[in-house]
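Residue numbers (this note's numbering), protein chains in the order written: chain A, 1 to 342; chain B, 1 to 108.
Keep in mind that the hints were calculated from the coordinates and are not lab data.
Among the hints, erroneous ones may be present.
Unchecked claim - What the simulated footprint calls covered on chain A by chain B, stretch by stretch (three residues with Cβ under 8 Å from a Cβ of chain B suffice, anywhere in the stretch; the number is not a length): (1) 60-66; (2) 90-104; (3) 231-244.
For glycine and all other residues, C-beta sits at the position ideal for the given N, C-alpha and C.
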Amino acid sequence: MCCWFDKGYLFGGLIILLTGCASPPSTKTLQDIALFSENVTALADLFETHIESLEAAHLAALKENTSLQFDLGGNPTLDAEPLFSYEAKSERLKLVKTLALYGQNLQSLYPAGQIPSGDIVGQFQKVEGHVLDFSHGVKNKDQLALIQSLNGTAEYLYSSYRDSQLGEVISKAHPLVEQAALLLYVDIGSPNDQSSNCGNEDEAHYLTARVGDFRLCRGGFRNMLKQAITARVTAIRQRLLLLKNAHPYTRQSTVDRLYDTQKSGRLLDQSMQKTQEVLFKLVAAHRELRHVYGGLQTEEADLMPAWSGASKKGTALSEMSDLLNLLPDLTNEVAALIEGRD
Amino acid sequence: MPQGLTNNDALNRYLEADHLLEMQDITKLPREGQIRLLEAQRYIYTEIQRLQAQSIEERTDIYREVSPELKKSEADFQEIRNWAEQASKAGEAVDGLARGISVLLSLF
Numbered sequence: 001m002c003c004w005f006d007k008g009y010l011f012g013g014l015i016i017l018l019t020g021c022a023s024p025p026s027t028k029t030l031q032d033i034a035l036f037s038e039n040v041t042a043l044a045d046l047f048e049t050h051i052e053s054l055e056a057a058h059l060a061a062l063k064e065n066t067s068l069q070f071d072l073g074g075n076p077t078l079d080a081e082p083l084f085s086y087e088a089k090s091e092r093l094k095l096v097k098t099l100a101l102y103g104q105n106l107q108s109l110y111p112a113g114q115i116p117s118g119d120i121v122g123q124f125q126k127v128e129g130h131v132l133d134f135s136h137g138v139k140n141k142d143q144l145a146l147i148q149s150l151n152g153t154a155e156y157l158y159s160s161y162r163d164s165q166l167g168e169v170i171s172k173a174h175p176l177v178e179q180a181a182l183l184l185y186v187d188i189g190s191p192n193d194q195s196s197n198c199g200n201e202d203e204a205h206y207l208t209a210r211v212g213d214f215r216l217c218r219g220g221f222r223n224m225l226k227q228a229i230t231a232r233v234t235a236i237r238q239r240l241l242l243l244k245n246a247h248p249y250t251r252q253s254t255v256d257r258l259y260d261t262q263k264s265g266r267l268l269d270q271s272m273q274k275t276q277e278v279l280f281k282l283v284a285a286h287r288e289l290r291h292v293y294g295g296l297q298t299e300e301a302d303l304m305p306a307w308s309g310a311s312k313k314g315t316a317l318s319e320m321s322d323l324l325n326l327l328p329d330l331t332n333e334v335a336a337l338i339e340g341r342d
Numbered sequence: 001m002p003q004g005l006t007n008n009d010a011l012n013r014y015l016e017a018d019h020l021l022e023m024q025d026i027t028k029l030p031r032e033g034q035i036r037l038l039e040a041q042r043y044i045y046t047e048i049q050r051l052q053a054q055s056i057e058e059r060t061d062i063y064r065e066v067s068p069e070l071k072k073s074e075a076d077f078q079e080i081r082n083w084a085e086q087a088s089k090a091g092e093a094v095d096g097l098a099r100g101i102s103v104l105l106s107l108f
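Just need the whole structure built from these sequences, with the hints factored in.
Here it is as C-alpha cells:
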C-alpha cells in the first residue's frame with residue numbers, strides 16, 4: 001500500500017515540477033507566431049513590389065515624354081536609367097528578405113499541428129484528478145490516459161526550454177527589427193514638403209541625426225512617385241492640347257490614360273502610406289511577442305517611441321494583418337494601371 | 001549641380017524650374033520650341049529624381065550593417081533546433097520510462 005502512495009507522490013511531484021515551469025505560450029500565441037511570420041513575408045514582397053512599381057512609374061513618365069517628342073519630329077534621347085542602382089535595390093531587398101527569414105525561423109520552432117506546451121500542461125492537470133489516485137488500483141481506461149499524457153513529457157520539456165530561449169532571441173533581435181522598420185519607413189518617405197523640419201540637413205543624414213523621431217523631410221519613394229506621376233500627367237496633358245484637331249477616339253484614349261495615371265499615383269501612394277503603418281504595427285507586434293516570451297524588457301533602449309504602432313493591448317498583429325490583406329489587391333491594380341493593362 | 005549647394009537647395013531650384021516650365025502653354029510655341037520644352041522638362045525631371053534617389057542611396061551603408069546583424073539570429077535559432085534534436089533523443093528515453101512505469105502499474 002505504501003508503494004502506491006510513493007508512486008502517487010512520484011507522479012504528483014512530476015506534474016508539479018512540469019506545471020511549475022515558466023509560463024508557456026498559449027494556443028493564441030502560437031497562432032500569433034505563425035501570423036507574424038506570414039505578415040513579415042507579405043511585407044517583404046510588398047516592399048519589393050513598391051520599388052518595382054516606382055521604377056515602372058518612372059519609366060512610364062520617360063516614355064510619355066519621349067513619345068511626344070518623336071511625334072513632334074524631335075530626336076529625343078532614349079536613355080532610361082533606372083532610379084536606383086542595383087546595389088541600393090539589392091541591399092534593401094536583402095534586409096526585407098532577412099526580416100522574412102527571421103519570421104520563418106520563429107515559426108519553424110512551432111511546426112503546424114504541434115500541441116502547444118500550455119495544452120500539454122492542461123492534459124497533466126486533467127489526468128491528475130482522477131487517475132493519480134492509486135490507492136484503489138488503476139483502471140485500464142485511466143492507464144491509457146496516463147500513458148498518453150506522459151508521452152508528451154519530452155515535448156513539454158523541449159517547449160519550456162525553447163520558449164525561454166526564444167525570449168532571449170526576440171529581445172536581442174528587437175532593436176534590429178526596429179531599425180529595419182525605421183529604415184524602410186524613411187525610404188518610403190513623404191510626398192509633402194516638410195523640409196522646414198530638417199533645417200539645412202541633407203536627408204541622407206537625417207536618419208542618424210534624429211533616430212526615434214518620425215518627422216520626415218521631403219523625399220523618399222512617395223515623393224519620387226509624385227514627381228513621376230506629375231511628369232507623365234504633364235506630358236499627356238500637353239499631348240491633349242496638341243490633339244485639339246485629332247480624331248475623338250485618339251483624344252478619348254489619351255484622356256483615359258491621363259485619368260488612369262492619376263489614379264495609379266493615388267493608389268500607389270495610398271499603398272505606400274499603408275505600408276508605413278504596417279511597419280509601425282510590425283514593431284508593436286514584435287514588442288508584444290517580446291512581452292509574451294518574457295524576454296528582457298528594454299523599452300528604454302528602443303529606437304521607436306512606445307506610441308508608435310500603439311493600439312489596444314495585443315491587437316497590433318491583427319491590425320497588421322488587416323492592413324496587409326488589403327494591400328496586394330491595391331498594388332496589383334496599380335501595376336495594371338501603370339502598364340495600361342485592363 | 002552648382003558647387004556649394006546642398007541637395008535640398010538644388011532640389012528646390014529644380015522644382016521651381018519644373019513648375020515654371022509646367023506653366024508654359026505648349027500650343028503657343030513653334031514646333032522647335034515645343035520640342036525644346038519637352039527636352040528641358042525631361043532633363044529637370046531626371047535631375048529631381050537623381051537627387052532624391054541619391055539621398056536614398058546614401059543610406060545603403062546603414063542597410064549593409066543591419067542585415068548581417070539580423071541574420072546573426074539565425075545562429076540562435078539553429079542552437080535551439082540543435083538542442084531540440086538532442087532533446088528528442090533524450091525524450092524517447094523519458095517517454096520509454098513512462099511506458100515502463102505504466103507496464104508496472106498494470107501489473108497491480
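Hint-by-hint comparison with the structure:
1. 60-66: holds (count 4)
2. 90-104: Coverage by chain B holds here, the residue count being 8 at a Cβ distance below 8 Å.
3. 231-244: holds (count 7)
Hint compliance for this structure: every hint is met.
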